[in-house]
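Asks: Each protein sequence line maps, in turn, to chains P and A. Numbered as in our numbering, the first sequence ends at 326 without a single skipped number. Numbered as in our numbering, the second sequence ends at 326 without a single skipped number.
Treat the hints with caution; some may be incorrect.
Said to hold, decoys possible - Pairs of lysine-lysine residues, derived as BS3-like cross-links and limited to a Cα-Cα distance of at most 27 Å, are as follows:
1) K151/P / K279/A
2) K80/A / K205/P
3) K102/P / K273/P
4) K4/A / K208/P
5) K50/P / K151/P
6) K175/P / K205/P
7) K208/P / K175/P
8) K233/A / K208/P
9) K193/P / K107/P
10) K233/A / K193/P
11) K290/A / K208/P
Hints in this document: simulated from the structure, not taken from any laboratory.
Number of protein chains: 2
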Amino acid sequence: MTMKKNDDIEVIAKKLAEAENVLIFPHIVMDGDALGSGAALCEALRNSGKTAHILIEDKIPDNLAFLDRGFCTTDVDVIKDPDVCICIDCGDTGRFPKRAEKFMTGKTLICVDHHATSEPFCDYNHIESSSAATAELVYLLLRAAGAEITKEIAESIFAGITTDTGDFQYSNTTKRTHEIVSALYDCGMDFSKVSIELYENENPKKMKLQNMIVGSTEFFADGQLAMACVTQKMLKECGCTMEESEGTVSMLRSVRGVQIAIILKENTKKSIKATLRSKSVGDVSAIAVKHGGGGHVRAAGCTINDTLEQAKEAIREDALEELGYK
Amino acid sequence: MTMKKNDDIEVIAKKLAEAENVLIFPHIVMDGDALGSGAALCEALRNSGKTAHILIEDKIPDNLAFLDRGFCTTDVDVIKDPDVCICIDCGDTGRFPKRAEKFMTGKTLICVDHHATSEPFCDYNHIESSSAATAELVYLLLRAAGAEITKEIAESIFAGITTDTGDFQYSNTTKRTHEIVSALYDCGMDFSKVSIELYENENPKKMKLQNMIVGSTEFFADGQLAMACVTQKMLKECGCTMEESEGTVSMLRSVRGVQIAIILKENTKKSIKATLRSKSVGDVSAIAVKHGGGGHVRAAGCTINDTLEQAKEAIREDALEELGYK
């Protein structure tokens, strides 16, 4: 094992070039950036004649299904002894718990991520927290590798970037983000098709759930804190999975005066996942870290092993403190 | 008067440079592009020592108020005999009806627009229908004029571009759009502040109303038709005006399988406004025209002088027919 440090993207490109087969690990509860980045990388590796698969452990959200062009599998034996295991858009094995053991069997371990809370833990790591999306890093990686950015690869990268930047509105978006996207236009991508797949493809049951979640919103701290929840009862009533509650938190944040928006997801009676967002005041990763989670200043998450009511109270108190109300 | 033709942006820049005072005309029912483009131009003209004002005839929407840094006035006499009258993001006097007479008093008339339906009607015209936003054209105009793009000008241009491209998702977005935005980052713009003003500034009462409207959604034609309504009772319960129901129809259209989305607005017991949108199948203007309204294939509207229940039934029947269900 080499020392745990951050490496140049060229080093990662070289290590991938040396591999014959590569297993790609996006994080659980896949989002557009995790799957888009993984799909772009997988396709480029296959185009260069390598064996590559994306190993997953949970369901692909409906609106991201178009990104999986035969890449994803839940079969841990799809590659027996992988030359490289690479985790994408995540920086610790807790983000792919059921696949962690398989990950560690890779002869070479690589991490490409943009989460501020990720620490280099692999043989080779490229963690760039100032990057708006991991998909940007995959773009730079493919450029460094001299890989052709095909139409499909460009569309996967676009999907990763546009979802992780809130359509170029979140403060993580940079000049480079737009430069990369403008370059993707040269690759013939149909960004408009991607956008319809991502955003105009919502399950009607999901709309009902979203409505219920928004309806549960409570405001605190003179309207600066908005909190809502998703219970198992709500999921049952709508016929939805917990994954289908994704995205609702941004609706809470869009309310005037709201600085911190939180959704508490009752995964089980004693396991509550908190999704946290901030607008321009408050560091939500600070709240998440207190509960063993992580993320960014404006977007973070954690899991609390307690009842919904108790989790709600604990997170609310921390959020009030973050807003200077304690 | 010169011939009515399309001119290079450099010609427009030269004509503005020759003027001492300039009156700017955005279209009625201002949007982010009309006001953002106007504000950017007005500020640049003032920075170069000229007298410049934006003449308006209706209310500035709340979420665009930040763009007016002392530019807007309803006083037609703010400049007695304007050297230049320039209409922005519109290409005929019907788009600024109460100001049309004043517009025609300009010694030189200029039009800068990106609407496909606009024809050159001024002394000098720069109409570029392939441009995603008029704000892009104003950016190019200011560059051609050698004007400094200040932070505030950059933010106004960003506001115009991001609103008119649906946050870079609509098919009108181009490579150039992203190139221009990436250049705006060099001007020190705080795009995130702009985005929060534009989008994260929603009245909590509006969220409640939106939730109620979405909750009223009914699906027909195997989920291809989504219909919801806004009643006076709902408005009263949320403390909202009918204007605050704007935008909800796009939430209905974003549902998978929905081809036509309709919201019926009960303006009075016997006057129902229908807002219609289609995704990729169905011409909603055909439905609107049947009821004396109009619009485009993908967005239309009409008013039915009947009760909500009767209007709902009439519109539903027409929509089913449009979808081939009759």
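Asks: Each hint should be assessed against the structure and marked as holding or not.
Replies: Quick rundown of the hints versus the structure:
1. Proximity of K151/P to K279/A is assessed by CA-CA distance (about 24 Å); at most 27 Å being required, the pair is judged to hold.
2. Restraint check for K80/A and K205/P: the C-alpha separation of about 59 Å exceeds 27 Å, so the hint is violated.
3. Taking the CA atoms of K102/P and K273/P, the gap is near 25 Å; set against the 27 Å cutoff, the hint holds.
4. Using a Cα cut-off of 27 Å, the hinted pair K4/A and K208/P is violated, with the two alpha carbons roughly 53 Å apart.
5. Our distance criterion of 27 Å between C-alpha atoms is met by K50/P and K151/P, whose separation comes to about 19 Å.
6. Of the supplied pair hints, the one linking K175/P and K205/P is violated, its CA atoms being roughly 37 Å apart against a limit of 27 Å.
7. Between K208/P and K175/P the alpha-carbon distance is near 37 Å, which puts this suggested pair outside the 27 Å criterion.
8. With a CA separation close to 21 Å, the supplied pair K233/A and K208/P stays within the 27 Å bound.
9. With a CA separation close to 38 Å, the supplied pair K193/P and K107/P exceeds the 27 Å bound.
10. Note on K233/A and K193/P: the hinted pairing is violated, with a Cα-Cα distance of about 39 Å set against a maximum of 27 Å.
11. Distance check on the hinted pair: K290/A and K208/P sit about 32 Å apart at the alpha-carbon level, beyond 27 Å; violated.
Violated hints for the displayed structure, listed by number in ascending order: 2, 4, 6, 7, 9, 10 and 11.
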